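Taken in order, these protein sequences are the chains called A and B.
FYI, my numbering numbers position 45 of the first sequence as 45, with every residue one higher than the one before it.
Quick note, my numbering runs 1000 ahead of the 1-based positions in the second sequence.
Please note: incorrect hints may appear among the correct ones.
With a cut-off of at most 20 Å between alpha-carbon atoms, the simulated SDA-like pairs for lysine to any residue come out as follows [to be verified]:
id: 1; chain 1: B; residue 1: K1105; chain 2: B; residue 2: L1155
id: 2; chain 1: B; residue 1: K1401; chain 2: A; residue 2: I3
id: 3; chain 1: B; residue 1: K1401; chain 2: A; residue 2: A14
id: 4; chain 1: B; residue 1: K1403; chain 2: A; residue 2: I3
id: 5; chain 1: A; residue 1: K119; chain 2: A; residue 2: A47
id: 6; chain 1: A; residue 1: K38; chain 2: B; residue 2: E1367
id: 7; chain 1: B; residue 1: K1396; chain 2: A; residue 2: D2
id: 8; chain 1: A; residue 1: K38; chain 2: B; residue 2: C1361
id: 9; chain 1: B; residue 1: K1401; chain 2: A; residue 2: P97
id: 10; chain 1: A; residue 1: K38; chain 2: B; residue 2: N1338
id: 11; chain 1: A; residue 1: K38; chain 2: B; residue 2: V1371
id: 12; chain 1: B; residue 1: K1401; chain 2: A; residue 2: H13
id: 13; chain 1: B; residue 1: K1006; chain 2: B; residue 2: T1027
id: 14; chain 1: B; residue 1: K1401; chain 2: A; residue 2: G95
id: 15; chain 1: A; residue 1: K38; chain 2: B; residue 2: H1366
id: 16; chain 1: B; residue 1: K1401; chain 2: A; residue 2: P15
id: 17; chain 1: B; residue 1: K1063; chain 2: B; residue 2: T1089
What the simulated footprint calls covered on chain B by chain A, stretch by stretch (three residues with Cβ under 8 Å from a Cβ of chain A suffice, anywhere in the stretch; the number is not a length) [as the list claims (entries may be wrong)]:
id: 18; stretch: 1248-1260
id: 19; stretch: 1338-1344
Since the hints were derived computationally from the structure, they do not count as laboratory data.
Fair warning: this is a prediction, and the values are worked out from it, not measured in the lab.
Note that beta-carbon positions come from the ideal geometry of N, C-alpha and C, so glycine has one too.
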Amino acid sequence: MDIYAQNIIDHYHAPHNCGRLTEPKLSSSQVNISCGDKIVVDVKIEADKIKELKFEANGCAISVASMSLLSDYLLNKNKAEVLALKYQNILDILGVPVAERRYKCVLLGLLAVQNIILKAENQTERTWDDLM
Amino acid sequence: MSINKKFPILHTKINGHDLVYFDNAATTQKPQVMIDALVEFYQKYNANVHRSLNPLADTATQKYEETRLVVADFLSAKKQEIIFTRNTTESINLVAKTFGRGFLKAGDVVLLSIAEHHSNIVPWLQLKEEIGIKLEYISLDKNGYLDFEAAKKILDNKKVKFLSIQAASNVFGSIHDYREILKLAKAKNIFTLLDVAQIAGHESINVQELACDFLVFSAHKVFGPTGVGVLYGRKDLLQMMPAFLGGGEMIDRVLKDNFTSAELPHKFEAGTPNIADVIAFKSSLDFIKNLTWDYIQKIEQELTDYLWQEMLKLDFIDIYGQNISGRHLPIISFNLKNAHAHDVAEILGEQAIIVRAGQHCTQILHESLGVPATVRVSLTIYNTKKEIDILIKNLKLIYNKFKV
Ligand SMILES: Cc1ncc(COP(=O)(O)O)c(C=O)c1O
Chain A
1 MDIYAQNIID HYHAPHNCGR LTEPKLSSSQ VNISCGDKIV VDVKIEADKI KELKFEANGC
61 AISVASMSLL SDYLLNKNKA EVLALKYQNI LDILGVPVAE RRYKCVLLGL LAVQNIILKA
121 ENQTERTWDD LM
Chain B
1001 MSINKKFPIL HTKINGHDLV YFDNAATTQK PQVMIDALVE FYQKYNANVH RSLNPLADTA
1061 TQKYEETRLV VADFLSAKKQ EIIFTRNTTE SINLVAKTFG RGFLKAGDVV LLSIAEHHSN
1121 IVPWLQLKEE IGIKLEYISL DKNGYLDFEA AKKILDNKKV KFLSIQAASN VFGSIHDYRE
1181 ILKLAKAKNI FTLLDVAQIA GHESINVQEL ACDFLVFSAH KVFGPTGVGV LYGRKDLLQM
1241 MPAFLGGGEM IDRVLKDNFT SAELPHKFEA GTPNIADVIA FKSSLDFIKN LTWDYIQKIE
1301 QELTDYLWQE MLKLDFIDIY GQNISGRHLP IISFNLKNAH AHDVAEILGE QAIIVRAGQH
1361 CTQILHESLG VPATVRVSLT IYNTKKEIDI LIKNLKLIYN KFKV
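So that you can see chain A by itself, here it is in the shape it has in the complex (with noise of 0.2 Å):
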């Protein structure tokens, strides 16, 4: 099966929650330096739940395509769910068979969204590894 599916492509040229949020809200930014890809994610969380998120991405269209997927299905999930998310459940939304070589593009928006989460709770970021 192709990883370059219409859905992947669709997502890069028009990822859905694209753009910023308005105070208040809790941002972080990840970089993956080895590719160049960036984000930032901005979220409001209201109640235990994230409410709100929006993203801004400069990356290939795995990296791009698995945070807009995954901006859909965070919504109104609460903290707990968020953080217990790992590689294979973004592979699993993301629905097509990437490679491992790839974990990086697939990992981006997902450890922004948990590090977020965690510095806002006073908590150790995670990093890539954490996630695998």
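Could you slot chain B with the ligand onto chain A? The hints should help.
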């Protein structure tokens, strides 16, 4: 016999497609003669070198030193001036951490270029942190070549003590005016290091003519094994420099309170060296010698010009740099206007076309290009025009796939 018959890996298939190996600037494939030499070492005369007095060790030592002679000949240097390291990176680190630490001081300027590979930037940044040297960078002209006038201006106006530059760019493929820049530096008694990692497999190098003080490259980019780097250093400088790593092989006398270093070149080769790969590397250099530079350059010139000609016909890509004919390696870096470099490399890879996407260990250069990543295609003698046609066809397919 066509040249690619001599490289067994070129006959493998990936996903049912013939391998098209276009990542030669990262590492070249290996000829059968080199693979044979490597196997032969382990099967027939594996022993440690320079240590025991026995016939096996004699053969191993003799073969190991034979490669040193061949490398010396390859560069027109003397045998004692050739140090084996692990790679280009280690060679540059050796110079920065011995010569640099010993003979440079706070405020001295080390002149690099913005196109340098991280291996020719980070060791100097480390030295900056350690002793407070200053770094200056030569800019590039609009075609991706080191800007000679910019280099001259810095050399004329700043307290430059050391110049460390590449001969050719691993991103653009531009072969710089390195001879002229070295000459300028020499006239001002500035110490010089030339990184020939990218050109060592493409044109002949003569350290006497270049009159550089240090010169570095990696065996794995010139049809040799991984794990072998070369450092050429001027003999009088190598003699003055403190040793690098300490241990066996590099010492003369060891006492409880001090030691004396071994003579050149062993002074800089601490511990058991990479004997097998050094020995095998001789066959790679013999292989080049048998092909002759004339032959290599003729093929590469044709490939370079054809590659650029065909790529320039594509209106949906941005190409970085320019092919100034006769001053260019068979390399091109580019981006599709509608797809990210990683996606391009991934899809080409599915078709068994091996290219590199990313920053190619040149973050400073990519910053100046204003792009997060590029796709790089790099060819060598065993590539063909037919393979270039396959690449072009696939780039068109990718462009169409990503079209909105
Ligand atoms: C110009 C240049 N310098 C240095 C290096 C580093 O070589 P190595 O990784 O073998 O140390 C490379 C390899 O990519 C290069 O292209």
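To see whether the hints hold, each was checked on the structure:
1. A threshold of 20 Å between alpha carbons decides the hint, and for B/K1105 with B/L1155 the separation of about 18 Å falls inside it, so the pair holds.
2. Restraint check for B/K1401 and A/I3: satisfied, since their Cα atoms lie roughly 12 Å apart, inside the 20 Å limit.
3. As the CA atoms of B/K1401 and A/A14 are separated by approximately 15 Å, the hinted pair is consistent with the 20 Å bound.
4. With a C-alpha separation of about 16 Å, the suggested pairing of B/K1403 with A/I3 holds against the 20 Å cut-off.
5. For a cut-off of 20 Å, the pair hint linking A/K119 to A/A47 stands: about 17 Å separates their Cα positions.
6. Straight-line distance between C-alpha atoms of A/K38 and B/E1367 comes to about 14 Å, which keeps the hinted pair within the 20 Å bound.
7. Annotation: proposed proximity of B/K1396 to A/D2 holds, straight-line Cα distance about 17 Å (limit 20 Å).
8. Between A/K38 and B/C1361 the CA atoms are separated by roughly 18 Å; this keeps the pair inside 20 Å, and the hint holds.
9. Of the supplied pair hints, the one linking B/K1401 and A/P97 holds, its CA atoms being roughly 18 Å apart against a limit of 20 Å.
10. Restraint check: the Cα-Cα separation between A/K38 and B/N1338 comes to about 17 Å, which is no more than 20 Å; the hinted pair holds.
11. A threshold of 20 Å between alpha carbons decides the hint, and for A/K38 with B/V1371 the separation of about 12 Å falls inside it, so the pair holds.
12. With a C-alpha separation of about 12 Å, the suggested pair B/K1401 and A/H13 falls inside the 20 Å cut-off, and the hint holds.
13. Between B/K1006 and B/T1027 the alpha-carbon distance is near 17 Å, which keeps this suggested pair within the 20 Å criterion.
14. Annotation: proposed proximity of B/K1401 to A/G95 holds, straight-line Cα distance about 19 Å (limit 20 Å).
15. For the hint pairing A/K38 with B/H1366, the CA-to-CA distance comes to about 14 Å; that is within 20 Å, so the pair holds.
16. For the suggested pair B/K1401 and A/P15, the alpha carbons sit about 17 Å apart, so the restraint of at most 20 Å is met.
17. Proximity of B/K1063 to B/T1089 is assessed by CA-CA distance (about 25 Å); at most 20 Å being required, the pair is judged violated.
18. With 0 residues bearing a CB less than 8 Å from a CB of chain A, the stretch 1248-1260 of chain B misses the requirement of three and the coverage assertion fails.
19. As drawn, the stretch 1338-1344 of chain B meets chain A at 5 residues by the rule of a beta-carbon pair under 8 Å; at three or more, the given contact holds.
In the structure shown, a violation is registered for the earlier hints numbered 17, 18, in ascending order.
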